[in-house]
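Visitor: Here's the letter readout for the chains.
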Amino acid sequence: MAVALQESQSPGQLWQARLRRFVRWITTPHVILSIIMIVVMFYLVIIPLYRMVVTTITVSEMDLRMIQGVEIGDLTLYHWIRMLTGKIGQLMTYEPLVHSVTVALGATFLALAIGGLMAWLVCRTDIPGRETIHMLAQVPYIMPSWTIAMAWLVLFKNQKSGGTMGLLEFITGAPTPDWLAYGAFPIIVSSGLHYYTFFFLFISAALLSIDSCLEEAGELAGAGRWRIMRKITFPLVIPAIASGFIMTFSKAMGTFGGPNVLGLPIRYYTLSTMLKSNTGIGNNGDAFVTGIVLILFAMVTVMLNQKIVGTRKSYETIGGRGFMSKKVKLRNFKPIIVAGVVVFQFIIAVLPLVLLVVSSFMLRDGNYSLENFTLAHWLGKGDIKINSGEPGILRNPKVWMGAWNSIRLSILTALFTALSGVILGYAIVKGRGTRLSKIVEQMSFIPYVIPGIAFGAVYIAMFTKPVGPIPALYGTFALLVVVSVAKHLPFSARSGVSAMLQVGKELEEAASLAGATPWRRFVRIIFPLTSTGFVSGFLLTFISTMRELSLIILLVTPTTAVLASMTMRYIENGNDQQANAVIILLIVLVMIGNFIISRFRGGSLKKGLGM
Amino acid sequence: METPIIVKNLTKKFGDVVAVNDVSITIEPHEFLTLLGPSGCGKTTLLRCIAGLEDPDDGEIYIGDKLIYSHVKGISVPPGQRELGMVFQNYALWPHMTVYKNMTFALEIQKLSKEEMDRRVKESLEEVKMSGYEDRYPREMSGGQQQRIALARMLAYRPRVFLMDEPLSNLDARLRMDMRTELKRLHHISDATTLYVTHDQLEAMTMSSKIAVMKLGVIQQLDTPDKVYHFPGNLFVADFIGNPKINLMPGWVSRQDLVDMGKFNIPVKTYNKRGDVVVGLRPEDIIVHDTPTDNTVEFTAYSVLPSGADTTIIAHMGDTELIIKEMGVSKIQMDQKIWLSFKQDAINLYDKETEDLIQS
Ligand SMILES: Nc1ncnc2c1ncn2[C@@H]1O[C@H](COP(=O)(O)OP(=O)(O)O)[C@@H](O)[C@H]1O
Ligand SMILES: [Mg+2]
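So the sequences go chain by chain: A and B. Going by my numbering, 422 is the number at position 422 of the first sequence; the sequence numbering is gapless. Going by my numbering, 1354 is the number at position 354 of the second sequence; the sequence numbering is gapless.
Worth flagging that the hints you see were computed from the coordinates, not collected in a lab. Backbone N, C-alpha and C fix where the C-beta goes; we use that ideal spot for every residue, glycine too. Just to be clear, a hint being listed does not mean it is correct.
[Unchecked claim] Here are a few chain A residues that face chain B, going by a calculated C-beta distance under 10 Å:
| hint | residue |
| --- | --- |
| 1 | Gln9 |
| 2 | Gly12 |
| 3 | Gln13 |
| 4 | Arg18 |
| 5 | Phe22 |
| 6 | Lys327 |
| 7 | Ala472 |
| 8 | Thr476 |
| 9 | Lys505 |
| 10 | Glu508 |
| 11 | Glu509 |
| 12 | Ser512 |
| 13 | Arg524 |
| 14 | Leu529 |
[What the hints assert, rightly or not] Here are the simulated distance ranges between beta carbons:
| hint | chain 1 | residue 1 | chain 2 | residue 2 | range |
| --- | --- | --- | --- | --- | --- |
| 15 | B | Ser1142 | A | Lys327 | 34 to 40 Å |
| 16 | B | Glu1116 | A | Ile32 | 47 to 53 Å |
| 17 | B | Gly1040 | A | Phe234 | 34 to 40 Å |
| 18 | A | Ile32 | B | Pro1029 | 34 to 40 Å |
| 19 | B | Phe1014 | A | Gly282 | 52 to 58 Å |
| 20 | A | Lys327 | B | Ile1189 | 57 to 63 Å |
| 21 | A | Pro469 | B | Leu1216 | 31 to 37 Å |
| 22 | B | Lys1111 | A | Leu14 | 36 to 42 Å |
| 23 | A | Ile439 | B | Pro1078 | 24 to 30 Å |
| 24 | B | Lys1101 | A | Thr559 | 57 to 63 Å |
| 25 | A | Pro558 | B | Lys1111 | 56 to 62 Å |
| 26 | A | Ile32 | B | Lys1184 | 42 to 48 Å |
| 27 | B | Lys1101 | A | Leu14 | 42 to 48 Å |
The task is simple: from the sequences and hints, build the whole structure.
Guide: What follows is the structure, encoded as structure tokens:
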């Protein structure tokens, strides 16, 4: 009968019906939103990557001096050959690559070890003060990633390259060895101590969500505690470990602050600092080769990792609020372990801040006598003998402008990220199972595997010239917002999806049966039910943008400088105390922001991280 | 209002799964029609296609005389304009709105006056015996109360058609019984065309004016509950309906009015067909005797299960097993010899090949 109906239609009617069906499909809200997001992400991710590749194989004005007999715009393999072969390849690519991988792997495994151990202690033993430990473990999250590196300098720097000595050298009188002061070891330790918090949060969430029945069943089957851990608990937290690994490794590969602070004094270059120094001299062709190597390497690692553990699982929120299983009794070890944890958290969360504060009060770096203490770096009027005549940071209009830039950048980024979270979440969840939804989800995931500094480099490639309707944005504040929002796309998609999933689809369907338009459904049903999730997302984005450095370091100009980039500028000028004061200011601003935002609708750091 | 629902050749696929397969069904005005079938057979999908929440792959749907969906014409009226009310399995009450707000959401869209809205809310709440709950939030009510509010929300909207997807499945047994009573009365009073989905045959039997039994996206039989029970159209329906289950035994029509069961014969109505059949016999259509009489077959009582109102007896002969239901408390003891006779009119024969009911 259906066939009969079809045959009775003239070709004209058939086409009309097809057109109607197409129009109906394309006017479905989630299809419209999907298409909009695909176009936006195409502009923000795909085209920049493409431009970056093109730049490395096109002759630029600067290249004319190096290559004979070519014109601007010709194709060339010059940059690739130069960067990947011979002595220059060795110095500018392979050595930094080895350094980057060493540092990233080291930091990741250190973070995993510490985070895993802490998570186990908090979730599976009878350790006291669980809440406090949990809270303190989040502190590194609100500090810029290179805070510990700066504090490290205060403690361990030697006079060799910096000129002034650290606290250790001052106390012992013996020069601190280079390996302890600069290079791989301090970079690994300082970033590992910073990133452990991801592993801690992921793993403890996973541990808490494991249904205790699973472990009890093992116990009833006669398995010992160690066996249960190996055979039951560990496999269940592997997805959490894997997502922590991807996140940390990719961040550590692309991190700029730590290697810049602790690596440069002994010319220990990583890909990220190499990238910066090449763009610094305007050699984009060379710099982008480095960027591409960095991106490829991070992607390959992430893919390998996904292949090995099958991480798809880890992106689903782990269900079921499992009940606490039986606690391991720490018995006699309790005091020692508690002391260990307290000391450790003090070293990570409190000591760096203390060191930075103390250092910011010292008139001359490296002089630890009492009369050297001053408020000059905070409130000084600007003495030509101090800090090249710059006034104390609280009186310095440049610092205030940086603070204002930081704040408005973070707020704008958080707003747009929340907005794209709503859109992405809706488009992906409503379209679940369709190809369109899959494309949107996968596209939004791409920035996740592009290390921060390389992502920034991608945007130099993109916006030095106008692209389509978008003007040349290089050097503008808007570009910083665009790059920050784009880098947060994976996060917005993930938090948007999990917020949307919490609203049963029937709630929206009931509204559409009642005759509500898509807009009304959004305003009256979806938004009120997801707003808590988005406040948390907003908070998280605000914080992570405030302390973001790697992503924007290649894109800031003196007028668009933010606090994070100013600290680097001060360090380069040798004004460590001022840099430290700015970091403190930055952290205080983050904490104020955290306090204000978490007042709204119960948003919290924990919820935002998807715990 | 005369509002039939006419579904023609409706098909809906999810990837390779054909959830609804070329279904044609007419729901007459004022009818209470139940879609009944095991879980996963496509009941919800069919309902959602009618509601407009799912986009079918083929077919047509009319509500009243209005074409609301047609694949070949490319027509699909949005859910909100189909004038349907729906009760969802999990109620889908908006958690951030009070009962009043939940109920007036649709009315606001219709731009009703405040007085009219108040009046409708009041009336509807009275109908479901929930007066005075206007200011509660969904989470402040029990499951049974939420379910009544979901009903009231639909009633306040005054739809032409009621759609309900397993509305009682989340309630406990007691409440379910009460709500069956209420729902049936509600339909009796409102007289709205109702399409009801359930996998619970008792619900379907007790409330519906018609039952459509579904399997794998296809409607197996559409009939009154009485017909579906006493004349199941095929072996699937026979097996699915009835508790305790129908007895299905292979046999062979040896004479026009006799089925050869191997060890014994069963006299039946006159059939023209010969050959392999399956005999369908409801447990209550077997009569137990404690002494042999004419036309009885000797069995042994394997197990006797009294439940108060009736007694279920499991009888064995060799490897033939029969389930028998006797009213009241039975005198039969376990392992006792019993003699069975069969109500000739109640026996249905099914073709062994096609599994369809053989007409006498
Ligand atoms: N959104 C969906 N995506 C994919 N398959 C679905 C979806 N909804 C239903 N199905 C499949 O369609 C079939 C019918 O489902 P459903 O209509 O929900 O059955 P019922 O309501 O009778 O239990 C099932 O096999 C189910 O797995
Ligand atoms: Mg269903």
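Visitor: Range first: 57 to 63 Å. Now tell me if the beta carbons of Lys327 of chain A and Ile1189 of chain B are that far apart.
Guide: holds, 59 Å
Visitor: Can you tell me whether the CB distance of Lys1101 of chain B to Thr559 of chain A sits inside 57 to 63 Å?
Guide: At roughly 50 Å between Cβ atoms, Thr559 of chain A and Lys1101 of chain B fall outside 57 to 63 Å, so the hint is violated.
Visitor: Is the hint on Arg524 of chain A kept, meaning its closest Cβ partner in chain B is under 10 Å away?
Guide: Where the cut-off is 10 Å and the nearest Cβ of chain B is about 7 Å from Arg524 of chain A, the hint holds.
Visitor: Does the CB of Ala472 of chain A sit less than 10 Å away from some CB of chain B?
Guide: It is violated, given that the least Cβ distance between Ala472 of chain A and chain B is near 44 Å, above 10 Å.
Visitor: Would you say the C-beta atoms of Lys1111 of chain B and Leu14 of chain A sit inside 36 to 42 Å of each other?
Guide: Holds, since Lys1111 of chain B and Leu14 of chain A (Cβ atoms, about 39 Å apart) stay within the stated range.
Visitor: Given the range 34 to 40 Å, decide if the beta-carbon distance of Ile32 of chain A to Pro1029 of chain B lies inside it.
Guide: holds, 38 Å
Visitor: Is the gap between the beta carbons of Glu1116 of chain B and Ile32 of chain A within 47 to 53 Å?
Guide: Taking Cβ atoms as reference, Glu1116 of chain B and Ile32 of chain A lie about 35 Å apart, which means the hint is violated.
Visitor: Go through the hint on Lys327 of chain A and say holds or violated, using the shortest Cβ distance to chain B against 10 Å.
Guide: violated, 33 Å
Visitor: Given a cut of 10 Å on the nearest C-beta pair, is the interface hint for Phe22 of chain A held or broken against chain B?
Guide: holds, 8 Å
Visitor: Verify the interface restraint on Lys505 of chain A: the C-beta must sit less than 10 Å from at least one C-beta of chain B.
Guide: Given a least distance of 9 Å, the restraint on Lys505 of chain A holds.
Visitor: Per the hint of 24 to 30 Å, is the separation of the Cβ atoms of Ile439 of chain A and Pro1078 of chain B within bounds?
Guide: holds, 26 Å
Visitor: Return the status of the interface hint for Ser512 of chain A: holds when the least beta-carbon distance to chain B is below 10 Å, violated otherwise.
Guide: At 5 Å from the nearest chain B Cβ, Ser512 of chain A passes the 10 Å test, so the hint holds.
Of the numbered hints listed earlier, those contradicted by the structure are 2, 6, 7, 8, 16, 21, 24.
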